[in-house]
Amino acid sequence: MAVDRADGRTPNQRRPVACTRGILHRAHGSASWAQGDTKVIAAVYGPKAGTRKNENPEKACIEVIWKPKTGQSGKPEREYEMVLKKTLQSICLLNVHPNTTTSIVIQVVNDDGALLPCAINAACAALVDAGIPLKHLAVAICCCMAEGGHILLDPSKIEEQKVKAFVYLVFPNSMVSVLPQGSLRLGGELMEHGIITSVTHGMMAVDDYFSCLKLGRAAAAELSDLLRSSLKLKAGNDPSKAG
Amino acid sequence: MGGSANGATDLSSEMEVDAFRRLFPLRFHERHLVESVRPDARPLGKARETSLALGAVGSADGSALAKIGCTTMLAAIKMEVMTPATDAPDEGCVAIDFHMPAICSPIVRPGRPAEAAPVVSKQLSDTILSSGMIDLKELSLVSGKAAWMAYLDIYCLDADGALFDAALLAAAAAFSHLQIPVVSLNDDGRIVVVSKQNEVEKLKNKPVNEEKRKLKLKGIPFALTCILHKNYILADPTAEEESIMETLITIVLDSSCQLVSLYKPGGPALAYESVIQDCIALSRQRVRELQTILNEAISDMEVD
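Quick mapping for you: the protein sequence lines, in order, are chains A and B. If you want this note's numbering, it's the position in the first sequence, counting the first as 1, plus 412. If you want this note's numbering, it's the position in the second sequence, counting the first as 1, plus 2.
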């Protein structure tokens with residue numbers, strides 16, 4: 413059944429993504445990620461020497477600073493910082509540079525729905541641009557449950573406010589491997605189907621959540637193919653940039 | 003006790019248990035998990051002993067003290083009259099704040115607020131408001147002119163893991179205990195709280211019932227936090243377990259088993275669908291336990 417969305421998209425269609433790397437020249441890595449009208453800029457500085465006071469010196473430390481578009485940083489910003497920090501900690505190889513700190517600064521340029529997934533994608537692209545060692549990428553999307561029981565992908569701000577529940581999901585990127593099919597499975601499930609992060613708002617039935625997961629996985633697989641092609645090294649990348 | 007760290011397996015027979023627990027915490031816990039038990043002798047899916055006391059703070063309009071194992075939360079509600087917002091003239095408001103004073107844990111210092119406090123505070127507000135437990139229209143007094151503002155403050159007195167679960171339980175219990183004070187319009191047209199001395203005077207206007215009112219709570223949410231570590235799911239972690247095995251997943255269900263929130267903020271372990279199904283099954287069980295505990299605490303209060 414066709415659901416009318418304000419911008420004419422189908423329920424399974426995400427907004428067009430624009431990803432640019434290396435936009436800030438002083439930062440060690442930077443990226444800007446725009447999904448429709450939601451735009452976020454991420455900058456990575458690091459690895460810098462020394463960790464913060466109570467952090468484990470045998471591992472690298474990740475620090476996130478979230479700057480909202482207007483106003484002062486309050487509780488929502490602290491929550492975003494914590495979710496982003498834990499998500500990025502799980503994808504970085506922390507043992508490669510022990511006793512260092514990598515700072516990631518997120519600046520919200522415009523918020524038109526699905527802000528946290530946009531920021532996670534921007535942060536990942538910035539980490540790739542900075543050359544920080546990663547296990548895999550984190551691919552983030554947003555799904556929401558509309559009134560009639562339909563699931564919409566990548567809602568805009570107006571849609572987010574109208575629906576009864578929405579979910580932010582972060583998956584690892586899809587694997588392209590030379591190993592035989594069976595060896596990538598853990599207990600019968602593909603590694604890329606595991607969730608790194610899930611944040612929900614609003615009430616939904618448990619079965620609806622699993623339907624959102626299914627839709628999210630498919631969208632994340634498609635988005636990771638896009639990432640793979642856009643994050644490949646471009647000819648003319650300046651090798652002496654970092655430092 | 004000599005030898006390098008590589009000889010830990012040899013040392014373990016000579017080392018005291020406490021020393022092994024401090025030096026090799028992950029191995030200490032994994033040795034227990036292999037036997038499907040945890041250091042405090044709980045089975046993997048069992049939560050700690052939970053208790054509730056309503057009316058812990060005498061001067062507040064509603065209060066509760068919740069304990070899950072050693073984690074202790076004190077919730078108190080104060081009601082104030084305010085003018086409602088223009089876009090919602092017949093709705094009241096609830097302001098929720100979570101505090102972690104220095105008493106709760108050795109890692110919280112007096113000057114610097116704990117990192118977890120604003121995050122739990124926001125999570126609590128989101129969960130309570132989105133679960134629809136409180137109907138804001140019940141907090142309205144005079145449409146467009148006066149409505150109740152409920153300030154809910156939750157203080158963590160002892161932080162030993164599963165902070166969000168205990169805080170949500172304390173909040174739900176405090177709202178169950180809440181008695182809205184009686185008010186009337188006085189000569190200046192302002193709402194005043196009726197105190198005991200004024201009862202004999204004739205009241206000009208009675209916008210609320212003469213009896214102190216209780217809120218009707220529907221769909222009270224209950225939470226369960228689990229740790230995911232390799233193939234194990236540990237329900238209701240202590241602070242020690244949380245610091246060693248970092249992947250937490252918090253599931254909030256209401257009494258009709260609708261999913262209010264599924265919160266997994268990153269972490270080294272990935273959550274597969276089968277794992278999520280198991281966590282939801284554990285949560286359903288926990289919701290039933292907590293519902294019983296809350297109902298018992300409410301009926302104990304009413305007997306008094």
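Honestly, the hints are just simulated from the structure, not real lab data. Keep in mind that this is a model prediction, so the values were computed, not measured. Glycine residues also receive a C-beta, built at the ideal position from the N, C-alpha and C atoms. Treat the hints with caution; some may be incorrect.
[Stated by the list, open to error] Below, a sample of chain A positions facing chain B; criterion: calculated Cβ distance under 8 Å:
(1) L436
(2) N466
(3) N468
(4) K487
(5) V495
(6) Q501
(7) Q573
Here is what the structure says about each hint:
1. Because the smallest distance between the Cβ of L436(A) and any Cβ of chain B comes to about 25 Å, over 8 Å, the interface hint for this residue is violated.
2. Hint status for N466(A) relative to chain B: holds, with the closest Cβ pair at about 7 Å, below 8 Å.
3. Of the supplied interface hints, the one on N468(A) is violated, with its beta-carbon coming no nearer than about 10 Å to a beta-carbon of chain B, more than 8 Å.
4. Contact between K487(A) and chain B, as hinted, is supported at the beta carbon level, the nearest pair being about 4 Å apart and thus within 8 Å.
5. Contact between V495(A) and chain B, as hinted, is supported at the beta carbon level, the nearest pair being about 5 Å apart and thus within 8 Å.
6. The beta carbon of Q501(A) comes within 6 Å of a beta carbon in chain B, closer than 8 Å, and the hint placing it at the interface holds.
7. Interface hint at Q573(A): violated, since its Cβ lies 13 Å from the closest Cβ of chain B, which is beyond the 8 Å cut-off.
Violated hints, listed in ascending order, are 1, 3, 7; each of the other numbered hints is respected by the structure.
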